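**Student:** Each chain, letter by letter, is given below.
2 protein chains.
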Amino acid sequence: MDRKADITQMASQLFKERGYHATSVRDIAQALNLKGSSLYSHIASKEEILWEIVEGAARAFLHSAQAIPPNLPPDQKLKALIHAHLNVIVANLPDASVFFHEWQFLPETLSREITLKRDHYESYFRQAIHEGIEQGLFQVQDEHFANLFIFSSLNWLYQWYDPEGLLRLEQLSNLYTQMIFKSLNYQKLNH
Amino acid sequence: MDRKADITQMASQLFKERGYHATSVRDIAQALNLKGSSLYSHIASKEEILWEIVEGAARAFLHSAQAIPPNLPPDQKLKALIHAHLNVIVANLPDASVFFHEWQFLPETLSREITLKRDHYESYFRQAIHEGIEQGLFQVQDEHFANLFIFSSLNWLYQWYDPEGLLRLEQLSNLYTQMIFKSLNYQKLNH
DNA sequence: TATTGACGAACGAACACTTGTTCGCTAAAC
DNA sequence: GTTTAGCGAACAAGTGTTCGTTCGTCAATA
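Residue numbers (my numbering), protein chains in the order written: chain A, 1 to 191; chain B, 1 to 191.
Mixed in with the good hints, there may be bad ones.
To be verified - Heads up, simulated SDA-like pairs for lysine to any residue below, C-alpha to C-alpha not over 20 Å straight-line:
hint: 1; chain 1: B; residue 1: K182; chain 2: A; residue 2: K117
hint: 2; chain 1: B; residue 1: K35; chain 2: A; residue 2: W160
hint: 3; chain 1: A; residue 1: K182; chain 2: B; residue 2: K188
hint: 4; chain 1: B; residue 1: K182; chain 2: A; residue 2: N92
hint: 5; chain 1: B; residue 1: K182; chain 2: A; residue 2: N147
hint: 6; chain 1: B; residue 1: K4; chain 2: A; residue 2: L116
hint: 7; chain 1: B; residue 1: K188; chain 2: A; residue 2: Q127
hint: 8; chain 1: A; residue 1: K117; chain 2: B; residue 2: Q66
hint: 9; chain 1: A; residue 1: K182; chain 2: B; residue 2: Y186
hint: 10; chain 1: A; residue 1: K117; chain 2: A; residue 2: I133
If you are wondering where the hints come from, they were derived from the structure by calculation, not from laboratory data. Quick caveat: nothing in here was measured; it's all calculated off a predicted structure.
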């Protein structure tokens, strides 16, 4: 089923550029030199394509967090989480864009599943930050807001990241880590 | 033309919930106890509604920045800009959501105009930060990234802000200011 | 080696429906 | 008595999807 991956990838690009509802099945097919009806040899519905993209991105985020050793000290854990998060976005920008932008157009049963996965993913960040505060590494006035602040700064990346631009993943990760750690009143100087 | 404002406001809510393309003219009309064709006594096209919302939000952002005295010291200026930005989002969440989410669906001539307004607006932030760095109030490794980081943290607010929630504008503004200033290595302690 | 048959990818045509928009009409308000 | 907000009907175009069919590939059979 190599062809299905082609369709999903092309759809991801078009969904990113024009949005899910503004992209027709015939648009996707045309971009692959096919006719609209031909896609249905490989997919069940347009919605299935969206699901494939969004669920795949959700899984990518989750796996990248689960790959981090849970016994790392919280500052190193947070640093690794930031790096992993940025990597998922940068490595597949169209998928990440569709994930953030179009997940809401899935039917309720499926979108709820995505919400669950996202909450689970975010809990890795929350816990690292919580541990860091407990151990006196971080210092914040409002822990709940600190989490939102950090997710905000990270999630908006897909809006402005330019693969052709100057910022490579490693530098991006360093800059993010630095500013986030400062906003958390990180005590150690060398991280 | 009071009726036109009703239409725009209702459309703003629906666009926020379902997106521009997934909301039909008949949907908007039905929510106002009207028929689709009736809207055309007050509007020229569906696109005009979107323009009204997006351009209005862009103007709101721009005016809120222009109302800040330009001779304020950069730290106070940035603090005021943050407060003003949050205020625009919180005061009209649907418009802000549509502004961030759906501006791209305007035809190119109009979307370019929005981009210009947004760039102009962002330049107020950039300049305050730049001045702050020059005067030694802020200290960052990469000024360009610092700008992106701050906009990211601020712009994502519309994704999670809950008007029924606990966070009021003033507290929100304080928390944002605190974390952003720390991320900028702000030297003075009492701001 | 030649023939058969199954398979799967791609197609054109058609489907029921929705889209944004127009137009001529009605009924009420000034 | 003029204006106008609202309506129903209709429009051309586009939507996702289904259907029967074609055509090339490849393995098994004769």
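**Student:** All the hints need checking, so say for each whether the structure fits it.
**Tutor:** Status of each hint after checking the structure:
Among the hinted pairs, B/K182 with A/K117 is inconsistent with the structure: their alpha-carbon atoms are about 31 Å apart, more than 20 Å. Simply put, B/K35 and A/W160 have alpha-carbon atoms about 40 Å apart, too far for the 20 Å limit, and the pair is violated. For the hint pairing A/K182 with B/K188, the CA-to-CA distance comes to about 15 Å; that is within 20 Å, so the pair holds. Taking the CA atoms of B/K182 and A/N92, the gap is about 31 Å. The hint is violated against a cut of 20 Å.
Straight-line distance between C-alpha atoms of B/K182 and A/N147 comes to about 15 Å, which keeps the hinted pair within the 20 Å bound. About 40 Å separates the Cα atoms of B/K4 and A/L116, which puts this hinted pair outside 20 Å; it is violated. The straight-line distance between the Cα atoms of B/K188 and A/Q127 is roughly 31 Å, outside the 20 Å bound, and the hint therefore fails. With a C-alpha separation of about 42 Å, the suggested pairing of A/K117 with B/Q66 is violated against the 20 Å cut-off.
As the CA atoms of A/K182 and B/Y186 are separated by approximately 10 Å, the hinted pair is consistent with the 20 Å bound. Taking the CA atoms of A/K117 and A/I133, the gap is about 25 Å. The hint is violated against a cut of 20 Å.
Violation of the numbered hints given earlier is confined to hints 1, 2, 4, 6, 7, 8 and 10; the remaining hints are satisfied by the structure.
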